[in-house]
Amino acid sequence: MEANQITGTPLNRIDGLLKVTGKAAYATDYPVKNLAYGYLFKSTVASGTITQIDDAVAKKAPGVITIITHLNAPKLNVKGGLRGGALLQGPEIKFNGQHIGIVVAETFEQARYAARLIKVQYSGDAQAKTDFEKLATQAVPAKEPEVRRGDVDSAMASAAVTVDEVYETPIEHHHPMEPHATIASWEGDKLTLYNSSQIVNGAQTSAAKTLNIAPENVRIITPYIGGGFGSKGGQWANLALAAVAAKMANRPVHLALSRQQMFNSVGLRQHNIQHLKLAATKEGKLLALGHQTTTHTAIDDEYTEPCGDCSKVLYAVPNALINYKVVPMNIIMPTYTRGPGKSTGSFALESAMDELAFKLQMDPIALRLANEPAQDPTTGKPWSSRKLVECLKEGAKAFGWHKRNPQPGKNIQGDYLIGHGVACGSYPARQRDSSAVIKLTNDNGKVQATVELAAADLGTGTYTILAQTAADGLGLPVAQVQIKIGDSDLPPAAGSVGSVGATSYANSVNDACSKITTELMMKSGKQFFVRPTAAQLMASERLSSFETRMDAKPLADADNYSAHSFNANFAEVWVNRHTGMVKVKRFLAVTAAGKILNPKTARSQIIGGNVWGIGMALTEESVIDPRWGNFITRSFADYHVPVNLDVGNLEAIFINEDDKHANKLGVKGIGEVGIVGVAGAIANAIFNATGKRVRELPITPDKLI
Amino acid sequence: MRPFKYTRATTLPSAIKELSGNAQSRILAGGTNLLDLMKEDVERPEALIDITHLPHSAVKSLSQGAAKSGVLLDALGKNSETANHLLIRSQYPMLSQAILAGASAQIRNMATNGGNLLQRTRCPYFYDVAMPCNKRTPGSGCGALEGFNRMHAVFGWSDKCIAVHPSDMAVALAALDAKVLAQNEAGQQRRLTFDEFFRLPGDAPEKDNNLQHGDLITGIELPASNFADHSYYAKVRDRSSYAFALVSVAAGLQLNGKQISDVRVAMGGVAHKPWRALTAEKMLKGKEATEANFKAAAKAEMAAAKPHEYNKFKIELGERAIALALTNALNYGS
Chain A
833 MEANQITGTP LNRIDGLLKV TGKAAYATDY PVKNLAYGYL FKSTVASGTI TQIDDAVAKK
893 APGVITIITH LNAPKLNVKG GLRGGALLQG PEIKFNGQHI GIVVAETFEQ ARYAARLIKV
953 QYSGDAQAKT DFEKLATQAV PAKEPEVRRG DVDSAMASAA VTVDEVYETP IEHHHPMEPH
1013 ATIASWEGDK LTLYNSSQIV NGAQTSAAKT LNIAPENVRI ITPYIGGGFG SKGGQWANLA
1073 LAAVAAKMAN RPVHLALSRQ QMFNSVGLRQ HNIQHLKLAA TKEGKLLALG HQTTTHTAID
1133 DEYTEPCGDC SKVLYAVPNA LINYKVVPMN IIMPTYTRGP GKSTGSFALE SAMDELAFKL
1193 QMDPIALRLA NEPAQDPTTG KPWSSRKLVE CLKEGAKAFG WHKRNPQPGK NIQGDYLIGH
1253 GVACGSYPAR QRDSSAVIKL TNDNGKVQAT VELAAADLGT GTYTILAQTA ADGLGLPVAQ
1313 VQIKIGDSDL PPAAGSVGSV GATSYANSVN DACSKITTEL MMKSGKQFFV RPTAAQLMAS
1373 ERLSSFETRM DAKPLADADN YSAHSFNANF AEVWVNRHTG MVKVKRFLAV TAAGKILNPK
1433 TARSQIIGGN VWGIGMALTE ESVIDPRWGN FITRSFADYH VPVNLDVGNL EAIFINEDDK
1493 HANKLGVKGI GEVGIVGVAG AIANAIFNAT GKRVRELPIT PDKLI
Chain B
93 MRPFKYTRAT TLPSAIKELS GNAQSRILAG GTNLLDLMKE DVERPEALID ITHLPHSAVK
153 SLSQGAAKSG VLLDALGKNS ETANHLLIRS QYPMLSQAIL AGASAQIRNM ATNGGNLLQR
213 TRCPYFYDVA MPCNKRTPGS GCGALEGFNR MHAVFGWSDK CIAVHPSDMA VALAALDAKV
273 LAQNEAGQQR RLTFDEFFRL PGDAPEKDNN LQHGDLITGI ELPASNFADH SYYAKVRDRS
333 SYAFALVSVA AGLQLNGKQI SDVRVAMGGV AHKPWRALTA EKMLKGKEAT EANFKAAAKA
393 EMAAAKPHEY NKFKIELGER AIALALTNAL NYGS
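Going line by line, the protein sequences match chains A and B.
If you read the first sequence in my numbering, its first letter stands for residue 833, the second for the next number, and so on.
If you read the second sequence in my numbering, its first letter stands for residue 93, the second for the next number, and so on.
Do not rely on the hints blindly, as some may be mistaken.
[To be verified] Examples of chain B residues lying across from chain A (beta carbon under 10 Å, computed):
# : residue
1 : ASP133
2 : LEU146
3 : TYR217
4 : GLU238
5 : PHE336
6 : ARG412
7 : TYR424
[To be verified] Derived coverage of chain B by chain A (criterion: at least 3 residues anywhere in the stretch with Cβ under 8 Å from a Cβ of chain A; other residues may be distant):
#  : region
8  : 147 to 160
9  : 324 to 330
10 : 401 to 410
11 : 413 to 421
Quick caveat, the hints were computed from the structure, so don't treat them as lab data.
Predicted model, so just to flag it, every value in this text is computed and none were measured.
Beta carbons: idealized from backbone N, C-alpha and C, even for Gly.
For reference, chain A alone in the conformation it holds in the complex:
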């Protein structure tokens, strides 16, 4: 990197003004002419076969253009990369809420009205698999690889202290503020999809493959995204069905999901039953760790949330068994959901660690410090960098941990029981291939840069951090850098998923800046004692324009290291001793995530993750009625996300970390880690407040009275 001035400063979002003034166009904001509106209609049974669809009345309803079902839908490639099936390819029903058709009409209201006039008959299936509590016993080993070293059961049998408990987390939903939405528009063979996409090129290829057309004939436009949390990573049937509807209506079609439809259209975080075993010496040295997750997946496809991931890396332990069992069910396909596996898995692991500390009469921080691993305990690789100890120590100081009463139920103020808890978390740091083009112009000495790549900004600050990176890399003020992302016509880039976005994009832009500077130096034919900036070279060489493309790759030896972001989370809860209602008064997340490109947007990422973690701990749960396999919680009145009043003071601290191995810039990613460890810290604080160990999330008032 060149002179480092702007990167690492808390620059305001460069797209902030556009957003607060409503000028940032989201997927369905585009003024496409002659637009028709689609409305998806869905199965009301979990399993079986459609025997009849009576749409005679609907067809005649006002404004209806066409009605698409499996009877007239074109043949699509069901293995084209879209998740969750439901592509109208046949009469078989695999889950309640499966798309079974689309009405296209002149207005949204007309399409929805007509959809409700359609009568569907099914031949039912009495064997529908909808009751996870019952089916969990039939779960079989999952594809997710097992970790096994030593012998957990022997260690458990002979250890001085053990914990052997089951922790349960419910189905949760992503519910980004912007529901999934698409405008599909054909011009001859060319298809444009304005579609909220976390992985721009992934959306392009999966739509193309599913529609049986060439990827170069599909353009994804997604400059702004109203959140995704994993649900807009892999794309779902609605993307291809919008294109099908546009083709069949011979008009551009707007297809947006309603909030209710979001529950059974775009995946979920699955219900996990986690069996944790810990064995330790009476000094608190871990001897064994068992972590078995039992969960469910789609009836015809497998995704398993990797709940054991934190258990693989957080602590030094000689005997370990981390494995998964899964049962296929007539429920929509689960998918990546913020902090996939780590957020739910750390709740189980870190609750068990807290239980172990209590049994040992040991401070929970001291227990963790006593089991700090010198290298990755699972792979044996050295850490690219790891500052979990610093997270715990600095956090304890900032939080005032020494004032905590280790005896539960003893800290009482009026109607409230007060408690403090700690929990750690981690998330892998990875760089993925990403290309970037930099175009420089020089207008009478005023040099400006345009940076182009098919990156995605979920609303988290990608535009801003890339402008900062490019400004430093080129020697320009941020105001003279324009960032163009969210368009598959731009150079291909990684997705904004799995905490790889910032790392991959910033490294590719930084590498592109180095490359263009070197090319300009060579073009000048001069010798330089001090490496000039690209901006200086454009001016001194009087070039009116210059551009280059960089295809950035991870460091060649990146795989030799174990690279993760780590955090320590501290919660103070106040539990009303009469009603069992919990308030998180204070929450502190201390994160070591390598280089922080922008402390302001990074803080927002972390506290946003913390808020969802509070929801995971206290409020969020999707309930299925096994008689029908449908979601009973199907609106924001039933599915409770935390409100402002639930969330007290949030504080985020970043530990200074100079990682030389993870990637060139030493960026590790913060999108996922912010939610990891949060539910554990809150559950542990609730135990400290009340003496009640709740092992089943969410911790609602009825569980505390």
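Given chain A's structure and the hints, the job is docking chain B onto it.
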């Protein structure tokens, strides 16, 4: 949404006339519940008669001279304005607290006092047209009875319906012995006690209350209250705001020294209507206002509760909420 005819009424009598003329018509006031239900295809009115703009939204003292004679809430008064009105805050603090415990600021700014009483249950089986629900589709069965019934009734339910009334405001109104004023096409005014207005589901859960089609709520009358010094609304819910009650309690005490000369306890989240805790009231009248007596009364009230698979916790939570509301009412202002 199904197509419907929209009319803007010019007066309340003309609105009533229009309403009476079509059995499938509905009054549109705040619209905070009705419009949602129409979008969900639960309510399917042929015609909406909009009265939102009519000037019928005052909070009026009924007192003449020194004697306190109560307060009249016009039907179109907004929930937020009512909750923040000085007369309500000073004389009926429990009502003010109850209103502010419900919904969100945005919804309270739209929702009307009359409409609040008429909001429909939040039972998820009622809301999902693919599910059986006797309240929505008489004869289709009750999805909740053997289903996910965590939020449902523990008092007064029938095997046809175990839904609860979702209002917080109505719970305080029940405790305060408020009367509902209703007018019909003939111009007749009816004054209904809460017992006469609300009903239990019985064999006809499709009826939330005893209004006839063509009746319009014009106001809510609050009798003079001697509970202002000792009243409290306690609401237990899954999050701190914008959630329906697991259990809520409106409590008011009238004290003579330490002795309870009069007491009101009403509960929300436990029945098809705001539930007056008459057993508890009876036990407490004449007794000393102590936490032990509150707990005993609470226990006696909840002893008659009949819970379902997922709401057994409401018995203990109900006991705790009654005792808490009474204790906080006792200590109100101190």
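Each hint, compared with the structure:
This hint holds: ASP133 of chain B has a C-beta 5 Å from the nearest C-beta of chain A, less than the 10 Å allowed. The interface hint given for LEU146 of chain B is violated, since its Cβ lies 27 Å from the closest Cβ of chain A, which is over the 10 Å cut-off. Hint status for TYR217 of chain B: holds, given a least beta-carbon distance of 8 Å to chain A, under 10 Å. Annotation: interface hint on GLU238 of chain B holds; nearest CB of chain A at approximately 8 Å, less than 10 Å.
Hint status for PHE336 of chain B: holds, given a least beta-carbon distance of 7 Å to chain A, under 10 Å. For the restraint placing ARG412 of chain B at the interface with chain A, the shortest Cβ-Cβ distance is roughly 5 Å, inside the 10 Å limit, so the hint holds. Checking TYR424 of chain B against chain A by beta carbon gives a least distance of about 14 Å; that is not within 10 Å, so the hint is violated. Look at the region 147 to 160 of chain B against chain A: 0 of its residues bring a Cβ nearer than 8 Å to a Cβ of that chain, fewer than three, so the hint is violated.
Proximity of the region 324 to 330 of chain B to chain A, defined as three or more residues with a beta carbon under 8 Å from a beta carbon of that chain, is established by the 4 residues found. Coverage of the region 401 to 410 of chain B by chain A holds in this model, with 3 residues showing a Cβ closer than 8 Å to a Cβ of that chain against a need of three. With 3 residues having a Cβ less than 8 Å from any Cβ of chain A, the region 413 to 421 of chain B passes the three-residue criterion, so the hint holds.
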